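Participant: From first to last, the protein sequence lines are chains A and B. Quick note on the working numbering: the first sequence kicks off at 25 and runs consecutively. Quick note on the working numbering: the second sequence kicks off at 25 and runs consecutively.
Each hint should be verified, as a subset may be incorrect.
[Stated by the list, open to error] Residues of chain A clear of chain B, computed beta-carbon distances all greater than 12 Å:
| # | residue |
| --- | --- |
| 1 | Arg-58 |
| 2 | Leu-172 |
| 3 | Phe-202 |
| 4 | Gln-210 |
| 5 | Arg-298 |
| 6 | Thr-332 |
| 7 | Lys-346 |
| 8 | Asn-353 |
| 9 | Leu-358 |
| 10 | Glu-364 |
| 11 | Asn-374 |
| 12 | Glu-377 |
| 13 | Arg-385 |
| 14 | Gly-401 |
[Stated by the list, open to error] Straight-line alpha carbon distances no greater than 30 Å define the calculated BS3-like cross-link-like pairs of lysine-lysine that follow:
| # | chain 1 | residue 1 | chain 2 | residue 2 |
| --- | --- | --- | --- | --- |
| 15 | A | Lys-29 | B | Lys-123 |
| 16 | A | Lys-50 | B | Lys-123 |
| 17 | A | Lys-403 | A | Lys-434 |
| 18 | A | Lys-441 | A | Lys-389 |
| 19 | A | Lys-57 | B | Lys-350 |
| 20 | A | Lys-369 | A | Lys-455 |
| 21 | B | Lys-350 | A | Lys-52 |
| 22 | B | Lys-403 | B | Lys-350 |
| 23 | B | Lys-73 | B | Lys-50 |
| 24 | B | Lys-200 | B | Lys-387 |
| 25 | A | Lys-29 | B | Lys-350 |
| 26 | B | Lys-147 | A | Lys-350 |
[To be verified] Label pairs and their computed distance ranges (CB to CB):
| # | chain 1 | residue 1 | chain 2 | residue 2 | range |
| --- | --- | --- | --- | --- | --- |
| 27 | A | Glu-460 | B | Asp-260 | 55 to 63 Å |
| 28 | B | Thr-397 | A | Glu-62 | 54 to 62 Å |
| 29 | B | Asn-263 | A | Glu-460 | 46 to 54 Å |
| 30 | A | Lys-197 | B | Lys-441 | 53 to 61 Å |
| 31 | A | Lys-445 | B | Asp-260 | 32 to 40 Å |
| 32 | A | Glu-460 | B | Leu-91 | 43 to 51 Å |
| 33 | A | Leu-56 | B | Leu-91 | 35 to 43 Å |
| 34 | A | Leu-259 | B | Gly-305 | 28 to 36 Å |
Note that these hints are calculated values from the structure, not bench results. Please read these numbers as outputs of a predicted model, since none were measured by experiment. Yeah, the Cβ is synthetic: ideal placement off N, Cα and C, and Gly gets one too.
Residue-level listing of the chains:
Protein chains: 2
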Amino acid sequence: MNNNKIKIGIAGLGTVGSGVINLLEKNKAEILKRSGFEISIVCVSASSKSKKRNCNIEGLNFYTNPLEMIRNESIDILIELIGGELVAKELVIEALEKKIHIVTANKALIALHGNEISEISNKEGCDVAYEASVAGAVPIIKVIRESLNANEIEWIAGIINGTTNYILTEMLKSKKDFNDVLKDAQDLGYAEADPAFDVGGIDAAHKLTILSSICFGIPLNFEAIYIEGIEDIELDDLNYAKELGYAIKHLAIGRKNNDGIELRVHSCLIPKARLIANVDGVKNAVVVSSDAAGPTLYYGAGAGSLATASSVVSDIIDISRKILSKSNNSVPLLSYQRNELQNKKILDINEIESRYYLRIRVKNKPGVLADITKIFGRKSISIESILQKEDLVNDENVPIVLVTHEVIEKNIIDALKDIEKLEVVKGKIIKIRIEELES
Amino acid sequence: MNNNKIKIGIAGLGTVGSGVINLLEKNKAEILKRSGFEISIVCVSASSKSKKRNCNIEGLNFYTNPLEMIRNESIDILIELIGGELVAKELVIEALEKKIHIVTANKALIALHGNEISEISNKEGCDVAYEASVAGAVPIIKVIRESLNANEIEWIAGIINGTTNYILTEMLKSKKDFNDVLKDAQDLGYAEADPAFDVGGIDAAHKLTILSSICFGIPLNFEAIYIEGIEDIELDDLNYAKELGYAIKHLAIGRKNNDGIELRVHSCLIPKARLIANVDGVKNAVVVSSDAAGPTLYYGAGAGSLATASSVVSDIIDISRKILSKSNNSVPLLSYQRNELQNKKILDINEIESRYYLRIRVKNKPGVLADITKIFGRKSISIESILQKEDLVNDENVPIVLVTHEVIEKNIIDALKDIEKLEVVKGKIIKIRIEELES
Chain A
25 MNNNKIKIGI AGLGTVGSGV INLLEKNKAE ILKRSGFEIS IVCVSASSKS
75 KKRNCNIEGL NFYTNPLEMI RNESIDILIE LIGGELVAKE LVIEALEKKI
125 HIVTANKALI ALHGNEISEI SNKEGCDVAY EASVAGAVPI IKVIRESLNA
175 NEIEWIAGII NGTTNYILTE MLKSKKDFND VLKDAQDLGY AEADPAFDVG
225 GIDAAHKLTI LSSICFGIPL NFEAIYIEGI EDIELDDLNY AKELGYAIKH
275 LAIGRKNNDG IELRVHSCLI PKARLIANVD GVKNAVVVSS DAAGPTLYYG
325 AGAGSLATAS SVVSDIIDIS RKILSKSNNS VPLLSYQRNE LQNKKILDIN
375 EIESRYYLRI RVKNKPGVLA DITKIFGRKS ISIESILQKE DLVNDENVPI
425 VLVTHEVIEK NIIDALKDIE KLEVVKGKII KIRIEELES
Chain B
25 MNNNKIKIGI AGLGTVGSGV INLLEKNKAE ILKRSGFEIS IVCVSASSKS
75 KKRNCNIEGL NFYTNPLEMI RNESIDILIE LIGGELVAKE LVIEALEKKI
125 HIVTANKALI ALHGNEISEI SNKEGCDVAY EASVAGAVPI IKVIRESLNA
175 NEIEWIAGII NGTTNYILTE MLKSKKDFND VLKDAQDLGY AEADPAFDVG
225 GIDAAHKLTI LSSICFGIPL NFEAIYIEGI EDIELDDLNY AKELGYAIKH
275 LAIGRKNNDG IELRVHSCLI PKARLIANVD GVKNAVVVSS DAAGPTLYYG
325 AGAGSLATAS SVVSDIIDIS RKILSKSNNS VPLLSYQRNE LQNKKILDIN
375 EIESRYYLRI RVKNKPGVLA DITKIFGRKS ISIESILQKE DLVNDENVPI
425 VLVTHEVIEK NIIDALKDIE KLEVVKGKII KIRIEELES
């Protein structure tokens, strides 16, 4: 190894991989001026060499098999950008066993296999960096691991899936329904042909798995996360929320309270006065509330070729500096020392306390509201405000929009079951949690 | 030096100093779980031992003279929290010469003497960390030095003085004038008895000096910054700006363009649709726009005992990790390698291009607007919109509010001089720059 040169190999030449190659080329001088050392790409792998791509790979050793690449080449850092789970996992583990450090943008890999990878990286004395795995260009991993490390973190709430935020923003802006906007988003490349992963909340849950581990000192535990997507949000709800002074956002939330830790991904009403309620389109933002720093917010592009590459290259520079200084004392992979990670009780969604926005379709006749409030009363649920639209009062069915005070989720679910049985109530009741996010 | 113990001394036991002592005590276990090593305060200095303070210094070696402290004690890191310029500078330099690393929250020290301190710290092989010097709890220094380091940074714009932001927010909210709100702020402890440093923009300029150096690779150069305070902003302007879809914020701006670098601190109109236009009260926020990451924003508490201590302790942990790993390869003090810092042309304020908000008090009589627009025409200044209040039309003097297209500052100043000479124009014309901050 040359004293001022770091050799890297890149596995995967898709959007992010080509972004990394382009960024290292475009800002070569700027990076060198800051870091003082050279980052040299020696080899790349992708499934097809001849495929037309948006970057220049001339002069780089090319492999169709990334395992073959790390077996043949002598590199300091492997940049894993192939995505997916199984091949990536095999590759990363074999690389670590060859004392090759890892930079990855693969949230599924870290969320689902990070505990095992952390153990191996620790054993081999190699780093695994994953800034690009959450919120693209936003350096939320470094901030939590290295800037808020004197804090006890109380809660975290993030818009960490650009597709869902784009859809919710556009529905309200263009007055269109979910399905129409989803189609537009697919045409624009903001949503995948199979959108279930994004709009169903799985992607955000992978990212929350990572964030909650490094915030709360718990092992990665994807299974513990409660997940709802945005499929049930209707344009009416976005409009009513606005009228009530809220925005609806799809949030990933982790919160430590006296009984345990809440981990949940779902849509929420957030007071419009909160900064994060004004984060629109494909952008990402994360609020971290901690005991000393208080609430801090981090905002930026959650995806994109160069934006994600910005985080990948910052990880490469960090690890390179460590390699060149022969330092043996890295920030722990999951923020806490490995022996300090602790399984803590994760609260069931039924146990959480929240205020609720409820939209109930009822027959337009006297006494309906009394029937409904009687059921709420029996479950000790008190109503904070009611929105009834005068202009709809002549229709046969009318919506009643209610906001409750704080109540345990189990009680609201029980109450809604009873209310849905009322003859005057039509269809399923829409229930959206309200998050104050004091800041 | 014990292998898992770092010894620190704290100079200065004011708001931040006592915050650091309290935070290291309160979160001792949490910090140890993350870092794996112990941070031990061995000595402190302050002007009076008996003064009542908000922290426990029992058992710590106490000095009234911080120089005596570093001469007597064997410490790894000195935490310089005495503030001010001259004593702090002498102390920091002597400490570096004794191979003691430095953590400081002192923006004046870094802004005015950082070039010299950087040279000495480099010679002695010691680190000087200063996260807490800009934007309190917001980790903007680390983000620029370590997360956006693969980017060419295009511009930066920050609300980095809580006092001015509090005053502007409160004026609009409570419909009070500058002087009344300033008095309230002083009573609440948000403004100093002598507010000139904050409301006059000096404090923000110190911070911009630091940010512009690490963003653009230039030596620290406080003298080059153009500074205006908020004293001339009137409630009327806040209201008109709101009506036009803008908020008025006091910003620190650094921008690289083809001709050089703009460095300026002044009030601006910002479109309300931008996230930073919604940052209210004493909070701070910084937008960094860079070529790969795009615009990213960082928000949080800009001051406060524990909030600032959060940044100080994160710096202590960083340096401790480096000491314990015997690493010799730090992030350069001013982000760029010392020999890569380059003096670049700083644009004179007359040379910048901007759109302008103008409020002109005129006699209420026909032809006035024609006289004014004729002068604008002669200087090739085109008007984008005019706001004239119908309800004021019966007064003898009425305000005309104009928004211009992009124009060079020199031309607008010339035009306003001519317009102020018109007999129908009363008093000084209010001129506020408009910043689009595309994001």
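Participant: If a hint holds in the structure, say so; if it doesn't, say that too.
Facilitator: Each hint, compared with the structure:
1. The non-interface label for Arg-58 of chain A is inconsistent with chain B: the shortest C-beta to C-beta separation is roughly 5 Å, within 12 Å.
2. The Cβ of Leu-172 of chain A does not lie farther than 12 Å from every Cβ of chain B; its closest approach is about 7 Å, which violates its non-interface assignment.
3. The claim that Phe-202 of chain A lies off the interface holds: its Cβ sits roughly 24 Å from the closest Cβ of chain B, which is beyond the 12 Å cut-off.
4. Separation of Gln-210 of chain A from chain B is adequate, the least Cβ-Cβ distance of about 23 Å exceeding the 12 Å criterion.
5. For Arg-298 of chain A, the requirement that its beta carbon stay farther than 12 Å from each beta carbon of chain B is not met, with the minimum near 9 Å.
6. Some Cβ of chain B comes within 12 Å of the Cβ of Thr-332 of chain A; the nearest lies about 9 Å off, and the non-interface call is violated.
7. For Lys-346 of chain A, the non-interface assignment is contradicted: its Cβ lies about 7 Å from the closest Cβ of chain B, within the 12 Å cut-off.
8. Annotated as non-interface, Asn-353 of chain A brings its C-beta within 12 Å of a C-beta of chain B; the closest such distance is 3 Å.
9. Listed as a non-interface residue, Leu-358 of chain A fails to keep its Cβ farther than 12 Å from every Cβ of chain B; the least gap is roughly 10 Å.
10. A cut-off of 12 Å between C-beta atoms contradicts the statement that Glu-364 of chain A is not in contact with chain B; the least separation is 4 Å.
11. At the 12 Å boundary, the C-beta of Asn-374 of chain A stays outside the reach of chain B, the nearest C-beta of that chain being 30 Å off.
12. Distance to chain B confirms Glu-377 of chain A as a non-interface residue, since its nearest Cβ pair spans about 25 Å, more than 12 Å.
13. Every Cβ of chain B is farther than 12 Å from the Cβ of Arg-385 of chain A; the closest lies at roughly 34 Å, confirming the non-interface assignment.
14. For Gly-401 of chain A, the shortest C-beta to C-beta distance to chain B comes to about 38 Å, beyond the 12 Å cut-off, and the non-interface label holds.
15. Under the criterion of a C-alpha separation no larger than 30 Å, the hint pairing Lys-29 of chain A with Lys-123 of chain B is consistent with the structure, at around 29 Å.
16. For the proposed pair Lys-50 of chain A and Lys-123 of chain B, the alpha carbon gap of about 38 Å is over 30 Å, so the pair is violated.
17. With a CA separation close to 10 Å, the supplied pair Lys-403 of chain A and Lys-434 of chain A stays within the 30 Å bound.
18. A threshold of 30 Å between alpha carbons decides the hint, and for Lys-441 of chain A with Lys-389 of chain A the separation of about 21 Å falls inside it, so the pair holds.
19. Between Lys-57 of chain A and Lys-350 of chain B, the direct Cα distance comes to roughly 24 Å. Compliance with the 30 Å bound is thereby established for this hinted pair.
20. For the given pair, Lys-369 of chain A sits about 26 Å from Lys-455 of chain A by alpha-carbon distance, which is consistent with the 30 Å threshold.
21. Of the supplied pair hints, the one linking Lys-350 of chain B and Lys-52 of chain A holds, its CA atoms being roughly 28 Å apart against a limit of 30 Å.
22. Only pairs whose Cα atoms come within 30 Å are accepted, and Lys-403 of chain B paired with Lys-350 of chain B is rejected, the gap being roughly 63 Å.
23. For the proposed pair Lys-73 of chain B and Lys-50 of chain B, the alpha carbon gap of about 22 Å is at most 30 Å, so the pair holds.
24. The hinted pair formed by Lys-200 of chain B and Lys-387 of chain B meets the criterion: a straight-line CA distance of about 26 Å does not exceed 30 Å.
25. In summary, the hint linking Lys-29 of chain A to Lys-350 of chain B is supported, as the alpha carbons are separated by about 20 Å, within the 30 Å threshold.
26. Of the pairs offered as hints, the one joining Lys-147 of chain B and Lys-350 of chain A holds, with about 21 Å between alpha carbons and a cut-off of 30 Å not exceeded.
27. At about 34 Å, the beta-carbon gap between Glu-460 of chain A and Asp-260 of chain B misses the expected band of 55 to 63 Å.
28. Under the hint 54 to 62 Å, the C-beta atoms of Thr-397 of chain B and Glu-62 of chain A, about 58 Å apart, fit the expected range.
29. Separation of Asn-263 of chain B from Glu-460 of chain A is about 29 Å and departs from the stated range, judged on CB atoms against 46 to 54 Å.
30. Look at Lys-197 of chain A against Lys-441 of chain B: about 44 Å separates their beta carbons, and that is not inside 53 to 61 Å.
31. Distance hint check: the CB atoms of Lys-445 of chain A and Asp-260 of chain B are about 59 Å apart, inconsistent with the given range 32 to 40 Å.
32. Checking the proposed 43 to 51 Å range against Glu-460 of chain A and Leu-91 of chain B shows it holds: the Cβ atoms sit about 49 Å from each other.
33. For the hinted restraint 35 to 43 Å between Leu-56 of chain A and Leu-91 of chain B, the CB-CB distance of approximately 40 Å keeps it satisfied.
34. Take Leu-259 of chain A and Gly-305 of chain B: their Cβ atoms lie about 33 Å apart, and the range 28 to 36 Å holds.
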